[in-house]
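Novice: The listed protein sequences derive, respectively, from chains X and Z.
Read in order, the letters of the first sequence are residues 1 to 177 in our numbering.
Read in order, the letters of the second sequence are residues 1 to 323 in our numbering.
Hints are computed from structural coordinates only; laboratory data are not their basis.
Ideal Cβ placement from N, Cα and C applies to all residues, glycine included.
One should not assume that every hint holds.
[Stated by the list, open to error] On the chain Z side, residues computed to face chain X include the following (Cβ under 7 Å):
{"hint": "1", "residue": "L118"}
{"hint": "2", "residue": "I151"}
{"hint": "3", "residue": "L175"}
Residue-level listing of the chains:
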Amino acid sequence: MGAIGFKFVVFIVAALLVIVSSLLMTTRKNPIHSALWMIVTFFAMAVIYLLLNAQFIAVAQIMVYAGAIMMLILFVIMMVSLDNGAQEQKRFPMAMGTRLSWALVVVVLLVELMFAALFYQATAKVGSYPAEAVASLGNAKTMGMLLYGKYIFPFEIASILLLVGIIGAVVLSRKNK
Amino acid sequence: MEQILKILDIEGVRLAVGLLAVFLFVVVNALILTWAERKVAGHMQLRIGPKEVGPYGLIQPLADAMKLLGKEIITPRNVDKPIFYLGPIMIFIPVLVAFVVIPFDSYLQVRDINVGILVILAFSSFTVLSILMAGWGSNNKYSLIGSIRSIAQSVAYEIPLLLSLLAVIMMTNSLSLKDVVVAQKGIWFIFLQPVAFIIYFIAAVAETNRTPFDLPEAESELVAGYHTEYSGMMFALFFLAEYTNMFIVSAITVTFFLGGYQGPFLPGIVWFLLKSYFLVFVMMWFRWTFPRVRFDQLLNISWKALIPLSFINLLVTGGLLKL
Chain X
1 MGAIGFKFVV FIVAALLVIV SSLLMTTRKN PIHSALWMIV TFFAMAVIYL LLNAQFIAVA
61 QIMVYAGAIM MLILFVIMMV SLDNGAQEQK RFPMAMGTRL SWALVVVVLL VELMFAALFY
121 QATAKVGSYP AEAVASLGNA KTMGMLLYGK YIFPFEIASI LLLVGIIGAV VLSRKNK
Chain Z
1 MEQILKILDI EGVRLAVGLL AVFLFVVVNA LILTWAERKV AGHMQLRIGP KEVGPYGLIQ
61 PLADAMKLLG KEIITPRNVD KPIFYLGPIM IFIPVLVAFV VIPFDSYLQV RDINVGILVI
121 LAFSSFTVLS ILMAGWGSNN KYSLIGSIRS IAQSVAYEIP LLLSLLAVIM MTNSLSLKDV
181 VVAQKGIWFI FLQPVAFIIY FIAAVAETNR TPFDLPEAES ELVAGYHTEY SGMMFALFFL
241 AEYTNMFIVS AITVTFFLGG YQGPFLPGIV WFLLKSYFLV FVMMWFRWTF PRVRFDQLLN
301 ISWKALIPLS FINLLVTGGL LKL
C-alpha cells in the first residue's frame, strides 16, 4: 500500500469519472447539460495529469479547455439555439449506410488504439524527462524548454493552424456584408 | 509559539487550519465590505450611510445577514433544478483555490505551488461558469442576457489580464507567488511595470463585474442580471462571492505590483491587508466616479485598446530584459 496504493485509487476514480462523464456528455439531450458534463471530463483528466507529475499540463488543461474553450462553446450554444436549447434536438438526417460506415471507422480507430496501448506500451516508456528531472527543473520551465527547443517545428505548425482558424472565423462572420 | 508553528508544519493540519481560516475570512470580509460600501457610497453622495444598528452602523451587515438567513428559499417553477442549485455553490471553488496560494505573509500561505498564479487564473474562469449556470438555470430572459454579457466580457478581459501579469512573470522568472513577492524586495513592480499595473487593474474591475463594467447585473435594465431569481441565502452566496472576488483581485494586484506583504515597521500581514483594502476602496471609488459604459464600448476598450497595449508592453519588457 502506501503512496502507490493511494495514487492507484485516485487514478481509478478519475478514470471512471472520465468515462462516465463523457458517456453522459454524449447522451444528454440538453446541449447545456452536455457541455457541463464535458467540463467534468476535462477536470477528471486534469487529475490524471497531476498523477503523472505534470502539474503545468494539468493547470493548462483546466485553463484552456475547462475555462476558455468551454466558455466559447457555451456562448455558441446560447447564441445559436436559444429557442430550442432545452427541447429535444433534431437528429442528424443520415442514411443507414453512412451511419454504419462512420461506426466502422470509430471501431477501427478504437481497436487500433487498444493494440497500440497493449503491445507498444507507448505510455509506460521512461523518456528523457522522468519525474525527478522535471521536479528539479520546475515544471513550466521544462515545458518551455522542450516547446521552444526540440519541438519548435510542431509548435510553429500549431500556431499557423490557429492563425488560419482565426482568419477563417473573421471571414465567416463577415460573409453577409 | 514554537510548538504551534511545529504543529502547523504538518501537511494535513496546515490544510485544515487553512480552510477554516478561509471560511472565516470570507464571511468577515463580506460583512466588513458591505458596511464599507454603503458608508463610502453615503459619504461620496454627502449622506452618512447606515447609522442606526450599532456605533456607526457597524452591526448593520450582521442584521442584514440574519434577515437573509431567515428568508424562504424560493424555487421558481420552470428552473433547471440541478444547474440552478449548483450555480451559487460553484462560485466558491475559485475563491477557495485562490486563498490557498496567496501569500498573506512570509509564513501565512497554505501551499506555495510552483505554478501558483496559473492555478488562480485557471480556476477564476469557474466564476463565469457558475454565473452562466445561474443565468441558464433560472429560465429567465433577464438572467440569460446577464450571463451572456458576463461571458463576452470575461472572454475579452481575460486576455489583457493574463498578458499584463505575464510581463511581471518575465521579470521574475517564476510562476510562484512567493517568488514574485521576494523579487520586489528592492523596488515594487508598479514602478517598473506601470502600464501592466493599469491594464491589470482595469481588467480586474471588469472581471469582478464592478461599475463601470457591471453590465451583467445592471440593475436599471436587467433587474439584477443572473441572480434575479435567487432568494434568501442563495442570493447571499452570490453577494459573498462578489465581495470576496473584489478582495482576491486586490490581493493579486498587491502581490504582483505593490510588494506583497513587504513594508517597514508593521508586521507583513498588516501591510498586506492595508494595501489590499486600499485597492478595494479604490474600486468602490470607481463606482461613484465613472458612469456605466455601453456594451460596444466595453468590448472596444478591451479588444482595441487594452490587448494591443499589453502586447506592446510585453514586447518592450522582453526587449529590455534581453539588452
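Novice: Which numbered hints does this structure break?
Specialist: none
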